[in-house]
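Novice: Here is what each chain is made of, one letter per residue.
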Amino acid sequence: GENVEQHPSTLSVQEGDSAVIKCTYSDSASNYFPWYKQELGKRPQLIIDIRSNVGEKKDQRIAVTLNKTAKHFSLHITETQPEDSAVYFCAQQGVGNYQLIWGAGTKLIIKP
Amino acid sequence: EAEVAQSPRYKITEKSQAVAFWCDPISGHATLYWYRQILGQGPELLVQFQDESVVDDSQLPKDRFSAERLKGVDSTLKIQPAELGDSAMYLCASSLGTGQETQYFGPGTRLLVL
Numbered sequence: 083g084e085n086v087e088q089h090p091s092t093l094s095v096q097e098g099d100s101a102v103i104k105c106t107y108s109d110s111a112s113n114y115f116p117w118y119k120q121e122l123g124k125r126p127q128l129i130i131d132i133r134s135n136v137g138e139k140k141d142q143r144i145a146v147t148l149n150k151t152a153k154h155f156s157l158h159i160t161e162t163q164p165e166d167s168a169v170y171f172c173a174q175q176g177v178g179n180y181q182l183i184w185g186a187g188t189k190l191i192i193k194p
Numbered sequence: 437e438a439e440v441a442q443s444p445r446y447k448i449t450e451k452s453q454a455v456a457f458w459c460d461p462i463s464g465h466a467t468l469y470w471y472r473q474i475l476g477q478g479p480e481l482l483v484q485f486q487d488e489s490v491v492d493d494s495q496l497p498k499d500r501f502s503a504e505r506l507k508g509v510d511s512t513l514k515i516q517p518a519e520l521g522d523s524a525m526y527l528c529a530s531s532l533g534t535g536q537e538t539q540y541f542g543p544g545t546r547l548l549v550l
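As you go down the protein sequences, you meet chains A and R in turn. Just so we're aligned: the first sequence equals residues 83 to 194 in the working numbering. Just so we're aligned: the second sequence equals residues 437 to 550 in the working numbering.
Wrong hints could be hidden among the right ones.
Here are the simulated DSS-like pairs of lysine-lysine, each with C-alpha atoms no more than 25 Å apart in a straight line [stated by the list, open to error]: (1) K507/R to K451/R; (2) K124/A to K507/R; (3) K104/A to K140/A; (4) K514/R to K124/A.
I should point out that these hints are in silico values taken from the structure, not numbers from a laboratory.
Between the sequences and the hints, there should be enough to build the whole structure, so can you do that?
Specialist: In structure tokens:
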């Protein structure tokens, strides 16, 4: 079946350094890939998304890259700050029913 | 900015009792989703509505869970009877449902079954 693999499960970086989270997917027909940030006890919030007609999208310190040939996409956070600490989920949207297939999540820890 | 509303925010109940959660999606959003999220895991889809119709409830434990969206706007998720393993965060999300894919989440209802 369709699945999304996300790595690493935990990522600890020094404040100011960059963080990269990678996801691979199986459904080559999918064309929408969102990233959600979830702070402890709060709702998942969309932070960036990408559609299959582009290879990269940036929003200030956050960027997402998509490689459709290799079927993987990555989240890049530069100049990390303490408020970036959270769990990040990647997802791909299924074709037809628009359901999201979720990665298992990455716990990002920013060390002061 | 419009948001998805959910109530209650927290619910403590004893096993075998009935509980109900309410969700009001963003105005104009045709698609509504109920998710269950266990601490440390990703959201698990329970049921998807398109307007008042169920699109997918294959992951809904129908012996104890039910969901409705009678007028195609707000929705209720019910558990009867609640079991210890139902303790989790219950999240509601909505999207435009016209091929616009972004799902927006409500604040969730945290359920604790004792």
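Novice: Now look at each hint and say whether the structure bears it out.
Specialist: Tested hints:
1. Only pairs whose Cα atoms come within 25 Å are accepted, and K507/R paired with K451/R is rejected, the gap being roughly 31 Å.
2. Distance check on the hinted pair: K124/A and K507/R sit about 28 Å apart at the alpha-carbon level, beyond 25 Å; violated.
3. The straight-line distance between the Cα atoms of K104/A and K140/A is roughly 16 Å, inside the 25 Å bound, and the hint therefore holds.
4. Using a Cα cut-off of 25 Å, the hinted pair K514/R and K124/A holds, with the two alpha carbons roughly 22 Å apart.
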